[in-house]
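Chains as they are written, first to last, in this note's numbering: chain V, 1 to 334; chain D, 335 to 603.
Please note: incorrect hints may appear among the correct ones.
Restraint-style ranges between C-beta atoms, simulated for each label pair [unchecked claim]:
| # | chain 1 | residue 1 | chain 2 | residue 2 | range |
| --- | --- | --- | --- | --- | --- |
| 1 | D | Glu-468 | V | Asp-322 | 19 to 25 angstroms |
| 2 | D | Asn-560 | V | Lys-227 | 32 to 38 angstroms |
| 3 | V | Lys-166 | D | Lys-347 | 30 to 36 angstroms |
| 4 | V | Gly-93 | D | Gly-503 | 16 to 22 angstroms |
| 5 | D | Asp-590 | V | Ile-178 | 53 to 59 angstroms |
It is worth saying that the hints were derived from the structure and are not from the lab.
Computed from a predicted structure; not experimentally measured.
Note that the Cβ used here is the ideal one computed from N, Cα and C, for glycine as well.
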Amino acid sequence: MSELVQTFRKEKTKEASRPDFRFRTILPILGVIVALATEILIPAHAKLKYANLPHYRYFLFIALSATILLGIASIFWGSLREKLNYRGAFIGGVFLFLTFLNLVTAKWMLLPQLYFPSIARIFSVFFEDSKLILTCIQSSLTLLVKGILIGFIAGMICGIAVGWSKKANYWIYPLIRILGPIPSSTWTPLALVVFPSAKGAAIFLIAFGVWFQITILTASGIQSVKKAYFEVSSTLGANDLQNLFKIAIPAASPSIFLGFFNATCSSFVALMAAEMIGCKSGLGWYVNWQKTMLSYPNVYAGLIVVAVFCYILVTLQFKVRDKLLSWQEGVVKW
Amino acid sequence: MVKELTTGAITAKNVRKEFLDPNGNQVIALEKVDVDIKPGEFICLIGPSGCGKSTFLRLVAGLIQPTEGNLYLDGEEIKKPSYERGLVFQDPTLFPWLNIYENIAFGLKTRHIFKENKEDVKEFIKLVKLEGFEKALPHHLSGGMAQRAGLARALVNHPKVLLLDEPFGALDAFTRMNMQDELLRIWKERGTTMIMVTHDVDEAVYLSDRIFVMTPRPAKIESIVNVDIGRNATYGRKRDSGDFLQLRSKILQILDYTGKAAADIEYNI
Ligand SMILES: Nc1ncnc2c1ncn2[C@@H]1O[C@H](COP(=O)(O)OP(=O)(O)O)[C@@H](O)[C@H]1O
Ligand SMILES: [Mg+2]
Numbered sequence: 001m002s003e004l005v006q007t008f009r010k011e012k013t014k015e016a017s018r019p020d021f022r023f024r025t026i027l028p029i030l031g032v033i034v035a036l037a038t039e040i041l042i043p044a045h046a047k048l049k050y051a052n053l054p055h056y057r058y059f060l061f062i063a064l065s066a067t068i069l070l071g072i073a074s075i076f077w078g079s080l081r082e083k084l085n086y087r088g089a090f091i092g093g094v095f096l097f098l099t100f101l102n103l104v105t106a107k108w109m110l111l112p113q114l115y116f117p118s119i120a121r122i123f124s125v126f127f128e129d130s131k132l133i134l135t136c137i138q139s140s141l142t143l144l145v146k147g148i149l150i151g152f153i154a155g156m157i158c159g160i161a162v163g164w165s166k167k168a169n170y171w172i173y174p175l176i177r178i179l180g181p182i183p184s185s186t187w188t189p190l191a192l193v194v195f196p197s198a199k200g201a202a203i204f205l206i207a208f209g210v211w212f213q214i215t216i217l218t219a220s221g222i223q224s225v226k227k228a229y230f231e232v233s234s235t236l237g238a239n240d241l242q243n244l245f246k247i248a249i250p251a252a253s254p255s256i257f258l259g260f261f262n263a264t265c266s267s268f269v270a271l272m273a274a275e276m277i278g279c280k281s282g283l284g285w286y287v288n289w290q291k292t293m294l295s296y297p298n299v300y301a302g303l304i305v306v307a308v309f310c311y312i313l314v315t316l317q318f319k320v321r322d323k324l325l326s327w328q329e330g331v332v333k334w
Numbered sequence: 335m336v337k338e339l340t341t342g343a344i345t346a347k348n349v350r351k352e353f354l355d356p357n358g359n360q361v362i363a364l365e366k367v368d369v370d371i372k373p374g375e376f377i378c379l380i381g382p383s384g385c386g387k388s389t390f391l392r393l394v395a396g397l398i399q400p401t402e403g404n405l406y407l408d409g410e411e412i413k414k415p416s417y418e419r420g421l422v423f424q425d426p427t428l429f430p431w432l433n434i435y436e437n438i439a440f441g442l443k444t445r446h447i448f449k450e451n452k453e454d455v456k457e458f459i460k461l462v463k464l465e466g467f468e469k470a471l472p473h474h475l476s477g478g479m480a481q482r483a484g485l486a487r488a489l490v491n492h493p494k495v496l497l498l499d500e501p502f503g504a505l506d507a508f509t510r511m512n513m514q515d516e517l518l519r520i521w522k523e524r525g526t527t528m529i530m531v532t533h534d535v536d537e538a539v540y541l542s543d544r545i546f547v548m549t550p551r552p553a554k555i556e557s558i559v560n561v562d563i564g565r566n567a568t569y570g571r572k573r574d575s576g577d578f579l580q581l582r583s584k585i586l587q588i589l590d591y592t593g594k595a596a597a598d599i600e601y602n603i
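Construct the entire structure; sequences and hints are all you get.
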């Protein structure tokens, strides 16, 4: 039968993992070797302080063994090989960039040492200051999770109400239109007065931004659900409540997720801003505080941690999204 | 084995439906509908677009209320949608976030009778020949398969009446003919009253006991044609018999399509 020809494919057929070799899988190794050679062979600039810090070297040695191991593993493992082959040039490039940074700072000192410390100096901060940084990560994470959770729940409730009920739409929607676009940092003075602690204020500011995004995209997602879905489900016996929870919300979930993504991205901004105003801990506070102390190695180290922190959270979110929204046709990959 | 059919009678008493168009003007979507549909009857609605076919189905489904008049299922007034009156559109409208099995089980689950009727789901998946596709997502299916899944989803509820709005309109001719036979088989097996909208005269003659021929402006049922042609082994009708062709041209005549088309052809030859 012609229609059966177009059967669905469950998964991509797995490649046979025949040992094979791809050129670009060795680019990371080459990159690390260049970086390592530069670090070891070229002497540091005479005026460089802390010239003997070994952390960057250690890092490169670890990177070398890791890339070599990856390279060997990829000979036997097909899917890893393809991935590494694709990413290889980029990874190699990253190490060349580090080499460049190493040259202009530690080796030739083309930039002022105070503001542009050597890589080794920055890396050493992770060890010297590890305790404080970990507390900061924990503190930031707590604020973020609390803020996002509160904002998400409030946003879902408002979004569903506005999207589902005409009455709620009439009363709440104008309010959202007026309050929502105000950047959450504008609320800082008020938040600091209303909330007894700076942390409370920070949570409020994060939650506020999240609430707005989730509300808007949940409401518009629900409002744009195809009417035919409700008609069919009603004739299958669904009542209003079931139409809401079994049709409207699942159908709107891509839009809700988009709202959640926007929300988490803006919540990072809100978090950093909030921590710089009154908190005595957190990554934003750490970076700001170290800047006022003129310890730029710590500032950079802090920024690296912030970047990794945000990256992990965003990646985690995509993983969840891909799982929950895999039913979408031609899902947009981020 | 002929089942005694006692449920699934639809009565429309002097039904009229008006809408307001975007400019606020009254549009009469349907008027003067006075019909009795017997339990287990197969009815086709045919007519050019805008003559109120979908409006009639929506009224029977309970998705909209008549402006005047009343509709009844087995003597009980139709006030809101119910699983007793299943609905299938041209676009199968499967829920894309559910797989085929979950789509078909949807009605039983919303009615909280899924656990005791799991076997039914299996049976209907078999009936529409979708075994092996339970875990597939709707967008993995071809048009015909998706439409069969939509049918199974409505049928698993054991509706008394199945409302079909141009269900095979988007399918290619061969798939459509296969689906027609499958629908007839289900109809015979289950004794469900079928009310189907089509714009295909052949389809109407092939399938139905009676054909409601509808005309627009004013949108109403112009005439009701009895299809007194014997059914064959697959419960359809011989498509090339004289009776078939005669009835076909009679309907085209009511719709006022034969005259013009035939005259044009004669001239051109
Ligand atoms: N919800 C609606 N609002 C306004 N007009 C409608 C609505 N539904 C149908 N109509 C109008 O009613 C008439 C009949 O529509 P419909 O029943 O969909 O026709 P058919 O299915 O036969 O093509 C058309 O003129 C259409 O524009
Ligand atoms: Mg229609």
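Comparing the hints with the structure gives:
1. At about 22 angstroms, the CB distance of Glu-468/D to Asp-322/V agrees with the hint of 19 to 25 angstroms.
2. Checked against the given bound of 32 to 38 angstroms, the beta carbons of Asn-560/D and Lys-227/V, roughly 36 angstroms apart, stay inside it.
3. Under the hint 30 to 36 angstroms, the C-beta atoms of Lys-166/V and Lys-347/D, about 32 angstroms apart, fit the expected range.
4. In this structure the hint that Gly-93/V and Gly-503/D lie 16 to 22 angstroms apart at CB is violated, the actual value being about 55 angstroms.
5. Distance hint check: the CB atoms of Asp-590/D and Ile-178/V are about 58 angstroms apart, consistent with the given range 53 to 59 angstroms.
Checked against the numbered hints listed earlier, the structure breaks hint 4 alone; every other hint is satisfied.
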